[in-house]
Each structure stands twice: as structure tokens, then as C-alpha cells.
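> One letter stands for each residue in the lines below.
4 protein chains.
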Amino acid sequence: MSVALLSDFMAGLGHKGFNFLSRTREETKRDIASLCDSLVSGRGEISCFVIAEAIFQRWEMLDAGQRRACLGSLSKRFAPDAEAIQRHIKAIEKYPSPENFYQLHAISEPRAQELIRRLNHARNGTRRLVQMREVLLDALTTDRSLEGLDRDFVHLFTSWFNRGFLQLKPINWDTPASILEKVIRYEAVHAITDWDDLRRRIEPEDRRLFAFFHPQMHDEPLIFVEVALTTAIPGDIAGVLRPDRTIVPRDEATTAVFYSISNCQMGLRGISFGNVLIKQVVEELRRDLPSLRAFVTLSPAPDFARWLTHLRTDSGQSILSASDIALLAKASVNGWERDTDLLKELNPLLRGLAVRYFTQAKNRQNRPFDSVARFHLGNGASLENIHAMADVSPKGLATSYGLMVNYLYKTGEIETNHENYAENGTIAISGRLKTLLKHVTSK
Amino acid sequence: MSVALLSDFMAGLGHKGFNFLSRTREETKRDIASLCDSLVSGRGEISCFVIAEAIFQRWEMLDAGQRRACLGSLSKRFAPDAEAIQRHIKAIEKYPSPENFYQLHAISEPRAQELIRRLNHARNGTRRLVQMREVLLDALTTDRSLEGLDRDFVHLFTSWFNRGFLQLKPINWDTPASILEKVIRYEAVHAITDWDDLRRRIEPEDRRLFAFFHPQMHDEPLIFVEVALTTAIPGDIAGVLRPDRTIVPRDEATTAVFYSISNCQMGLRGISFGNVLIKQVVEELRRDLPSLRAFVTLSPAPDFARWLTHLRTDSGQSILSASDIALLAKASVNGWERDTDLLKELNPLLRGLAVRYFTQAKNRQNRPFDSVARFHLGNGASLENIHAMADVSPKGLATSYGLMVNYLYKTGEIETNHENYAENGTIAISGRLKTLLKHVTSK
Amino acid sequence: MSVALLSDFMAGLGHKGFNFLSRTREETKRDIASLCDSLVSGRGEISCFVIAEAIFQRWEMLDAGQRRACLGSLSKRFAPDAEAIQRHIKAIEKYPSPENFYQLHAISEPRAQELIRRLNHARNGTRRLVQMREVLLDALTTDRSLEGLDRDFVHLFTSWFNRGFLQLKPINWDTPASILEKVIRYEAVHAITDWDDLRRRIEPEDRRLFAFFHPQMHDEPLIFVEVALTTAIPGDIAGVLRPDRTIVPRDEATTAVFYSISNCQMGLRGISFGNVLIKQVVEELRRDLPSLRAFVTLSPAPDFARWLTHLRTDSGQSILSASDIALLAKASVNGWERDTDLLKELNPLLRGLAVRYFTQAKNRQNRPFDSVARFHLGNGASLENIHAMADVSPKGLATSYGLMVNYLYKTGEIETNHENYAENGTIAISGRLKTLLKHVTSK
Amino acid sequence: MSVALLSDFMAGLGHKGFNFLSRTREETKRDIASLCDSLVSGRGEISCFVIAEAIFQRWEMLDAGQRRACLGSLSKRFAPDAEAIQRHIKAIEKYPSPENFYQLHAISEPRAQELIRRLNHARNGTRRLVQMREVLLDALTTDRSLEGLDRDFVHLFTSWFNRGFLQLKPINWDTPASILEKVIRYEAVHAITDWDDLRRRIEPEDRRLFAFFHPQMHDEPLIFVEVALTTAIPGDIAGVLRPDRTIVPRDEATTAVFYSISNCQMGLRGISFGNVLIKQVVEELRRDLPSLRAFVTLSPAPDFARWLTHLRTDSGQSILSASDIALLAKASVNGWERDTDLLKELNPLLRGLAVRYFTQAKNRQNRPFDSVARFHLGNGASLENIHAMADVSPKGLATSYGLMVNYLYKTGEIETNHENYAENGTIAISGRLKTLLKHVTSK
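Protein sequences appear in the order of chains A, B, C and D.
If you read the first sequence in our numbering, its first letter stands for residue 1, the second for the next number, and so on.
If you read the second sequence in our numbering, its first letter stands for residue 1, the second for the next number, and so on.
If you read the third sequence in our numbering, its first letter stands for residue 1, the second for the next number, and so on.
If you read the fourth sequence in our numbering, its first letter stands for residue 1, the second for the next number, and so on.
By construction, these hints were calculated from the structure, which means they are not laboratory data.
Misleading hints may appear alongside valid ones.
To be verified - Reference excerpt, derived from the structure (chain B facing chain C, CB under 7 Å, subset only):
no., residue
1, Trp173
2, Asp174
3, Pro176
4, Ala177
5, Leu180
6, Trp195
7, Gln365
The C-beta atom is built at its ideal place from N, Cα and C for all residues, glycine as well.
Just chain A, with the same shape it has in the complex (with noise of 0.2 Å):
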């Protein structure tokens, strides 16, 4: 039903074209920054998405250095407006009325602010925006002076990524292939080998993905969640995705695994949807299938190796002892996950410290340590068990000597660990691992 925008229609007219866009042709012989100028001075909004089409396509021929030094022109150009502010200032000083005050924001509005709005005007303009923001994510690492202009992408890209305006979509073996192929590429925790792989974690009646999507990125997912049904909480992730494992009829389903989550769009660091996507998945499960009764995720626990060293380095005395410091030297052996013999005494060593770990180790904003423990916890989940050789890949004994988690999203009691967490920083843990911690401290 939808008509195409204009600026679809200006791209197809090529050499036919209109006079006001031969005219741009030889606009975009004048460097990007002026034309910049030329965007945000606005001398009428007709030209708006031709001249903002004229510095994407500038901008998109230039090579890796040039675009850092282009935003770096563009940071200093589209500047806060220093003189007028300090002019504005000295005016509130004098009449602090409310208008004043509005005035300022308007006027302390960096001119980025109006650039950016403009250039979305332009063909896939949200999308063309996204992959700069890639760019000046990348330069910035270098060039802190660039901090300022990242600031105004987030502004604006914090607004128009506002909830209200996400859509919500399953994503199964009947969805576009142009899509698949995008979560095949975005898949950031277990990867996806072939389409083989993708198939069998989309067609079968007991896996489940749903991803956010905007209006305006329509094929372009921004971040998506593989979910499994299963009949109990597993605790380890081979047997999740093992191929020939028995697949669980839907209406014996009773826990959904949440066991991966991937941002899609580096574009949009920071702005996070999260939070809002697992709340929104538990929502669409529950309704489509009344059978389920647990939420769960089987999570890693990235940061869990790096807080061991440190306390074999420094602090841990109190924590480790000799015969513990020992054992654990042991699974610095190359194949030390397949030595059963050390795995029946080293388990239970982790897990004892893994429990003090996710309740005991925090941050400087006192806050667990662990990063992804942040997020759930953050979100209103309890943490609901632990276990040993969970993610055996190079990758999971590297960072957590194996240790996957399970968080639990219980709809009952979602909003009271969040205010809890939010408040006192209490983290809501099960019975279970209450008991190993005491058991564990009262040695």
C-alpha cells in the first residue's frame, strides 16, 4: 500500500532527472562541509533530502581516514555556539525569566543536533546515520575530541529509538531470507555456522527468536533473542543446541531458556533495548503458550576468570585457601576440562566460589561486578543456580572456567527484585544457592 518516499523516487530518476537535482550534481563537487552548511542554513526545505542524498553519497566514496577527518571537521563546525551562548548568559544574568531559560536550551543546542535531523531526510537516512555513528564510535577511541558529537547522535538517535516506536517480530523459517541472513551474520554469543544451523534453531516447534525492529530499518534487525522450550532449566548449553536432541512438543513446554541475546547494530551502542525485549518475549510466550511456567536464561559469567586472578593475586587470602589456590592452578593445564578425576574435586570449589562471586564482588557503583549479572539482576531477575563445565568452547573456559548461569524471570516478583536491586543493590538469589553460600562462608 505504501508509496515510496520522494527521495526513492529522485534516486531512480537518474540522468532523467529534475534541474534542481542536476543542480546538486555540481553541489556535490564542493566539499561535504559545505554542503553540510548548505543543509542545516535551510534556505528552503525542498532541497533538504536532495543536498542531505548529495553529502551520503560524498560521504560514503570517502576512505577510512577521510571520514574520521571529515568528523572531526564536522565536530568543530557544528559546534555549540559558544559566543552566542555566552552572549545568552550574560541576558539570563540580567533577566532569569522563564523564557530565558528556555531560550538557552535552544540556543546551547549543539548545531550537530539540526545536521543530524537533516540528513535523515535523505534515502534510508536513519539507517546511512547508524552506519556513521559506526565510524565516529571507531574514531573515537582515538579522538576524544569527537565526544561531543557522539553526544548529539545519541541524543537524537535516544529519541527517534524510543520504544514507543520498536516493533516486536518473530523471526522463524518463514521470514525473508534478506533478515535470516543478518541474524546469521549478528549472532554474537553462539555462533551460527550455516543455514543448516539457523534452521535448527528457528523451525522446530520448540525454539523460538524474536528480534526488534524500527519503522524506518525494516530489514535491519536491531537486536534479537533465541529462545528454547524446554521441560526443565537445563544447565548446560550442548545439550540446548544439540542437533539430535528429542524436540519438546509445544504443549509440554514449561520453561523458556533465553540463551542468547545479540545486539545487531553497532551504530546504536548505548542505547539500550534489552531489557525491554526479554520483558516484551516473556509477554508474547506466556500468551502464546499458557503452559509455560519458568523464564529463564543460561548465561555466561564473562567476568569470573579476570576476578579470580585478582584475588590469587592480591586480596583473596581470606577468600582462597592454599589447597584452593593449588587445585585451581591445575585448570591452567591444557585439557584440564576433559580430567575427570580433577573435575570431582575442582567443581565444587567453583561453584562455592562462583556463588561469593555473583553476591560478593562488585563494582565501584557497588554493583556485581560481573557484567551481564548486572543486566539481569538489574532487571528485576534472581539468580537462580550455577553450574560447573556448562560451556566447555575455548571462549567459555577462558573467561569463566567453564561456568554457565541461569537467571530467572518470575512474573510475580520481577518489579520487587528491581526495586530491591535498584535501591539497596540486594541481589535476589534462590534457595538453593542461599544454602551453598552459607555453606560456603561458614567454613
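Once you've looked at the hints, dock chains B, C and D against the given chain A.
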């Protein structure tokens, strides 16, 4: 394909719902301002949509007076934070670093903006905010202290309704009735009397209607334009709308007449779509009907009578002769528009005055006195022709002595016209009107 | 997604068209019968749709008389090939092999069947054939020689409109206006007066409308049923349709009332959809609204008055007492339906007669005399209740003395009722009607 | 919009279901033939889909041998009713009235036709019937007594898959993966090796793929054609499929090459779609890409080698010289296709023989011996060119000595070619091939 938003589920949960929904029910007993505090203080984004929903539900139960009071209170509560700003101003005076200027923008942001962004998380948030601004605009007419709050709405709506996000859709007899009834209701220029009248405007092959939609308000047109396909530039509206006219086969149409543009959302006043709409529709029609040669409007001259009154009362001596004044006086007698003898004398006078009106009567910004002329000429159209006795409806007679006007959009000239107008205020007029103007002024 | 059929392109080509289209233009000068010969002789399927299109275009230019003549001529021309059949009969008599019996079926196929199949290749072929049969049915009333041709239509339509191909769709206020206007036009039981009336029947949450569509006639409903959701089995139609009634919230509805079923396509007479429609809608409603307990109709008794007339004129002595006859006579006076004193006496009499009518009055096939009763009882419904003064429209009074009837579809019993009816003609009636019947017959 | 069919609900009801479903469960214990009796005897259409569903469920549990046995038994049970036919034959001999001839058609209809029509009521009935015929076709190869039953399938499929009901859809990278995997599976000419290979055939702007679908089998392509857009008529398949070829911009394409046509449904063998598909795709491409001038195939010559073998063994003396025969003999040595010296001599010989083959070698019906040639020439194409060493795959070498052929569809000439071919067997060939033929035959 798309799954409803979480907020929809929540809304549907009703009494069966969530713990944290019921908790919110208590919150609905708290007053709106305090709920808004919670929303913005934002302990956890989890409950964002629940609180936003609660605020809207309370708001929608208020009567008109209560709503105004509520807006007044929010306006004060969520104004810019004067103290924080002044503290920061001091900091800037000490260290006028770029960083500090960027922070000033953030600090000077009225808190209402974050409030509005979070209200948008509610079910149908965008639509409800647009409706809230309707009330605000109404309240503004008597209470100027709300101007700041209105700026915040405008700031965010401008960002959200960025042209990059709008969708152009054709409206026809296959469109859902729920949208068609809105077209009937919103038509502001030439009223649509009933479903049969509507059908005559959208079903025949020589009629078109296009509207802009926003992805978050998919069944609410924002603005629409009605188009008649003809074989010549029409001189009066009755001929265009006549039910018994001969229908022009689509391949024979040479002219697209834009005879009515209606804004639909009062709450979006000041967020302009009209100029982009016309240009997109021109492109759409050109693509679909290559036989089209001319794109014109058939527009009212809504301020002509008012200008003539001016002229007669004070400064018009140089323009109006005594006999002119006498002749015009006859056009205030009931039924004058049917006095063919009078019209024979009067029509040439009116057209002569009108050509001066359009080219010489200016407002304080040195733009045309006529608001419709400002819109189309500013858009890059030229003034093509002036027709006497072209709209003999009571409104037409009262505001413009029955005059109607064609503005012409000629693809090779739009941009030049637009720029000449923007830079020098130059008004493009047709050869025939130039001749008429020369004749009139040389008298 | 779907690309238009070739025939659409051809139709759109107009004067720019194809060599082989222009060749066909000459063919349109030939008479229809000869074009039909070409179509069936079918030198090459290439031109099939071109010739079919030409035939329909000629046909559509004929007047009513010419169309009848044309059908008569086709009927003869494309009758079964008697000679070939008789030759084959001889062969069978010699060799009654299975092969020969199979061939007999092919040889005895009236040539009209292949003609109709090929006419279906034209643009909108199916729809145009349905319209052609409308004319045929009309002609049949005076010309029985067309019966064979009509059988051929019925044979193919039965195959094409096989239930396996029908699509059930809900009709509501979001349905395209082009379909809604057909609902207004086709409603045959309780006329829909205008768009507002229609809206009252489809927009409120306690109203539903479902229609069957065929994939090849996607904007033409074949049959539709109107449903009211209520909290009790209603006894009169006015209450169901009252604009100011209280709307029943969807969760509180216990009863679905099928108060109107309308066939839309006269040209599909004899191809029955009604029974399948009701059952699919029952399933659809049950799934959507688990709170529903009863599925009933509110139906007319269209042949009751006619039966009573019979009774009074001849055989009714045993049933009607002299005082009954006198009482009934009063019900022919204008305005009798408002004479409350009369109604006090008359209503019990009418209900008593009606229960006998439904259970005892039979047609020649020993099925109920009442056509609507035959439909619903044959479908597996039971007779639930009889209401006097339930439809006081002129039509209601004239055909049924104002009586209306509830038929009940009770899921556990549909099949049993249906079989008992089919095998023994047994009519399922409610306990209350059994009591009434006993009381009436024991008198 | 569309609501699932009743049968879907029934299937979904499971143990919660209907009385009359559970009754049917008992019926599933009865054998298929007896269920088929019930279905056809059809006391009440109510249970039609329930019984049909039960039949299919039983059928799908049978093994291959049981299925053949089942078909054999149905074939006998639902054969034409010989007795009834013979009774009616007697009646006809007495009264050869039109009425009696019409009745003969009905009476001679094999009962299997009604059986198949009613089986179509089951969930996915059409698809399951198509699969059933796959089994039937397989069984037919050893059991000719099933021919009659197969005729019944063909009769109904021809009616149901009438071109008037088929939908042409483009297949591209935005098509659901569930359909794309079928394209990979069904490609019968030039195998698609994996998803990357598929992508190369549908994503670039110079590639197209179109398929026919039936509304009742919306995710099952019936037949598809692969098209390459080029700037010249290609002479070999490797060049067309080369991954590293330069992509032709859509505005520069002058030639559409149909390089592969694949039937997808074995169960629809004998129901031809190919000719209509090509013509619709020609129209679709012409409309989308006005720059196209030529529509050609790049086709195999699948029966050429077989014909040559004939020639060499018996009647070829007049055509093949001794040196020709010696030369051809060399083309049976492994690797001959890479012997460039040999090819220099052999290629002209092969092209010369091929032009005779296409124009002179006939089957018993006096049509070309080559099956692909029969298809395209019968469709109205002309033989444009013959290429040696154009398909050097093992299959290409074995069946056609590596030859490939262009057939040309030229819009002004399709109909004439088709008619000349149909009436006189005339084969249209290009000027260059005429010259070649003259040269070869004059030797």
C-alpha cells in the same frame, strides 16, 4: 507479522494481571504530578510503560478544567532547572571548555522533555501525546505561561515526525472504512457531506487522494491532499466537484489539480508536512501517469476581502478610484453574486485588484499578505491564474469575493522559484498575469 | 507480492497492444458462437485468454434478449455429442471393458464444460461466469431447454467452489469500503439502511460478521452471517438491533446469536455454503471467546402463514377449533399487532400452532414444511424456542404472524441430531417445547 | 486477515475436541476403503472434513506397499458403475432425449471423482491429493489397471489448476526461506548447490526468478523459470552462471534469457503450466524493463545424441559420410571435449547435423524429435541459434554432445509461428540457421 507491544498485553491483562500492575493501580490513586515524578526519576525502566499508562488513564478521566490545571502544574514542575543552570553558568565562566558547553545543553533541557519521551512508552503513546497537546494549544490561548511546555512538545514532535519517518499512502475505495471516516471528518476545505460524496472523490479513475501517515499512528492520517485529473486547468471548484461531470480516462489526463489540502491532527499544529506532501504526490503522479503535463492547485484567496477592507478604509486612495469603491460597495448586497450585469463590471475590477494583492500586498516580513500564497510561492510554485466567481459558497464570497487562484508547480522551475522567493521575496507569475498587472498598474 | 495475470496486462495494453491482440480484435467482429468454437477447438492455448476475453466483451455488449438467444444457441451447439456417444455405446456393447467405461465418461461430457473451463482464462473469468449464470437462471424460468447448460455450470462451480478452496474472513470496520458496500447491498434478511447502520453491526465489540470468499473473487463475498454476542438467548429481533442497547463486554458474552445469513451471488444458486459457514464460524467464535456457551439463531418462520392458510381452508378442522379460527381472523385487521388485549389471547394460540407446525407439518419428502427449519435441523441444530411478536415488520407479520424461532447448535449434539434427522427425519426439540407440544396436542 | 479453515481448528482441538470428532476416532479404526464409502455416501456434509481427515491420516501411516494396495482397491471400488451405465444405455436407446444424454454423463462419472472432491475438504486437502497422485504415478509404472483412477485425478486437477486460478509471483532474496529451500530442491536443469548459489541466481539486479502458485498451496511453487538479463544472446551456460561475471545494470539489459524451467510437483505431471508461465513472464519483464528487446531461451537438446546413435546404426548413410562417422567416433573418448584440434573439425559437423536434426528429425506425429524443441516451437518461438560446446557438464556431453540452443520469443511473431506450427508443422528458424541448413543440405 508484527507482535503487539508489551503495553498492549498489559492493557489486556486486566484483573488477571501482574503484581507490578496491581502495584501500579495503587499508584493511579496518587496524583498525576507525583506519578510523573516517578516516571522521570525512573527507578528502572521496567515500570516505565506501566506508570506512563497510569498517567494517561488518570489524565483521560479529568474534565477540561482539571486538564488545564494539570498542564499548568506540570509546566512548572518540569520547567528548566534554573538553579542547576545557574550553577553551571558559573562553571562555564570559569572554564569555558567545549565539554562544559555540551553539558550546558543537557542541563538546560527542560525536564518536561524526558517526561514526554517516557510518556511515549504507553500504549498508543504518540497518539495520546498528540491529543494532550491539543488540550495544551487550547489552554495556551488564555495562559501564556504554558508556552515553554508547548515548546517541549514541538521540539520532540519535530524530531519524531521528521519527514524521514513519514509514509505516503494512497487512499481509495479499497481503504479500510475506519480510515475513510476520518477523511470525511477531517476535510477542512470543501466539506465531504457523506459516504457517497467521499466515494465520488476517491473511486473514479480521474480522482486521487494521498495522505501521510506515521508508523506509530498507522490508522490516523496526518495530512491529506485531494487531486482531480483533468484535461485543462480548471477555473472554478463547482466544475471540479460536479457529480455528473464526464470522467477523464487516465491516459487522457494532462493536468493534476490539487484542490484541497487538510491537516488532520490539531495536536501537530506547527509541525509542517504540506510542502513535502505536495512534492511527493507530484512525483507519485508523474511516475504513475506519464501523460501529466501540469500540476496546479485550485486555491482560495482567504485574506483578500480583509485586505480590500483595509484598502477602502485607509491607504487605498491611490489604488481605488471613487467608482471602484462604489462598485465594490454593491458587492455587499445579498445575492450580488447572481447579478450578472454587476458581475460584468465587477469581475475585471476584482481580478485587477487581486493581481495587485498577490504581488504587492505584503506582511511585516515582506512576504505576501495572503497565507495560502505564502505557502505555495514559498514552496516554489508560480501564480498561474486568478478566477472571479470561482467559489460562490458563503465562505468563498465572504473571504475572497468568490475568487480562486491556480498555483502552478512546474518541475523545471520549482527550485529556482523557491530560491528567488527565499532570497529576494520574488514572486513568480505567469505571462498572462504579468500582462494583466502591467495593464492595471499603468491605469 | 503477486503479479497480475497475463490477461490483466493484455487488457491494459489497449491500443499499444500486441499483434495477436489486434488479430483478436478482428475476431470480435465474428459472432460469439463462432468465437466459442475457436476457443474450444483450441488451436493452441496461447490465444485462449485472448479469445475468452473477446467472447466476454461481446457478451457484455448484448442486451437481455440477445443474451438469452445467445445462451440458447450455445446450449445447442455445446450439448453432448449424441452421435459420438451412440458410436461409443456400440463399442461398449461389444467390449464392455473398464477402459471403455472410462472413455464413455469423457465422450459424454457436454462440450459446454470445456467451453466454460476455457472462458475461465479471461480476466476475472470466474466472476464473469458467475454473472453469466445469473442470466442463465433467469432465462431458465421460461426456457427449460437451457437446463442442460445450467447443469454444466453447476458441475464446474461445484468443483471450483469446493469448500477446500473457500476462505473465511471476518468483516469489520477495518475492512475496505469496497467490500462493505457489498455487504450493505447483499443483506437479504434484515436490511442495512446506510453506513451508520452497517457500522452498528460490525464495529461494537459484541458484533461480528463473517464471510466466505473465493481466492479468484477476492473482493466479492459469497455468503455472510451476522452475529450478535449476548448474555441470553434473545426472543425478538428489535432488541438485538436496537442502536441504544448496552454493549456487552467481550468477556461477558455467553451466547452467540446468528441473526442473519445472506447469500450474495445469485449466479451461485444451488452451490450451498451455509452449513459449512455456520460451523466454521462456531469454531472461530469458540476459539476467540472461550466464555461462549450457546450458539443459536434468531430465525424467521417464513412459511408459517402459508401453512395456516392451508389449515383454515381445508384440512385444519382437526387442529383448529372454531374459536381458534375466529381468533386468527382478527389477526388480519390492520394494526392487530398493537392490540394488546387480542395478543394476550392470540400469542399462546400462535405458539401452540407453531410447535405443531415445526414438528408435524411436512413436505412431500417428509421433511419440515418450513424451509429455514429444513436448513438448520438438517444441519444438526435443535429447535430451542418459539417467540410470538418477535418480528413485527410488515414482512414478519405477513409471512409468520410475527413469530421468530431459535435454533440451537450444541456442540456435543450436532452430529447426532444431524444423523437422526437424516436417517429418520427426527426433529430435535428442547424440553420446554416438548412440554408445550404435549400440552397442545393433549387438548 | 484470513481465518484458518474449520479443519485446522478441528486438527487443533486434540483431546478437548468434539463429540463427533471422537466418534470419528473410532472410524479411523475402520479401514480406509470403508471410510471412503462413508465419505462418498455422505450422509451429511457436516462430517465430510472429519472423515476426509481420518482417511488421510490413515493413508499417511501406510508403507509403500500398502499404499499401492490401497490405490488398487480404491480404483476398483470407485470405478464407473458398469451396471448403472448399461441400464441407462438401454434407456437412451429407447429415448435418445437430450435429458438422457446429459444424465449419461453424470451416471458414467467414475465414483472416484466424487471421492477426490470430498477428500479435498481435509486440511491441506489439495496438497495431500497431489502427493497421493505421486504414489499413484509410481504405481502406474507396474500396474496399468490404475490408469482409470489416474484419469480421475487428471480430470479434477485440470479443473482445479485451471490457469484462471494460478498466481505468478517473483521469487527473490526477500522471499521466505521456507519457499527458497523448495526452489533449491526442485531446480531440475542446472542444480543449485547451496544457499550462496541460490543467492547469486535471485539477488543481483540482472537475475529474476518467477513461479506459479495455487491459492490452496501458497507455499509450494508449481513451476518456476530462471531468467538472466544480459546485453546479448548468450551461447553457453557457464558464462551465464559464472559467479564473477559483471552484473548488468537494469537499464542496460536488452535480452532476457530463460535458462531453466523446473516443474516442482511430481503429482501434477501432465497438467501443463510451462507455456503460460513463459508468456506471463515475458509480459511481466516487458512491463518492468522497457529496454528489453529479445526474449530467448538457452536450452538443452536432450535427444540429439540419441538421434545420432540411430543415424549411425541404420538410416544415416545418406546424411553421414564415412569421415563424419569416423570423426563422431572420436567424440566417445574420455576428455574429447578438451581436445581443441578435434573440436575445430567436430564443432562445424555437429552444428550442421543439429540444424538438420531440429528441422528434419520427426516423431510419429510428425513433430520435432526433440522434446524441448516441441515445447518451444509449439509455443510460438523460433529456433534462433545452435551452439557447440555450450554445456560441457557430463550430462550435457552425454545427451547432446555439448550443444545448446536458443529459442527466440519475438512478440510480433509468436502467434503466427504457433499457428503455422500447429496447422502445418512448420518450424520457424532464423536467417543464419537457414543459411547453415542450405549449406549443409547442398553438400
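> Run every hint past the structure and note whether it holds.
Evaluated hints:
1. Look at Trp173 (chain B): its Cβ gets to within about 5 Å of chain C, closer than 7 Å, so that hint holds up.
2. Of the supplied interface hints, the one on Asp174 (chain B) holds, with its beta-carbon coming within about 4 Å of a beta-carbon of chain C, less than 7 Å.
3. A distance limit of 7 Å between C-beta atoms decides the matter here; for Pro176 (chain B) the minimum to chain C is near 4 Å, and the interface restraint holds.
4. Given hint, Ala177 (chain B) at the interface with chain C, holds; its Cβ is 5 Å from that chain's nearest Cβ, closer than 7 Å.
5. For the restraint placing Leu180 (chain B) at the interface with chain C, the shortest Cβ-Cβ distance is roughly 6 Å, inside the 7 Å limit, so the hint holds.
6. With a least beta-carbon distance of about 5 Å to chain C, the hint placing Trp195 (chain B) at the interface is held under the 7 Å criterion.
7. For Gln365 (chain B), the suggested interface contact is broken, since its CB lies about 44 Å from the closest CB of chain C, more than 7 Å.
Figure legend: structure checked against the earlier numbered hints; the only hint not met is number 7.
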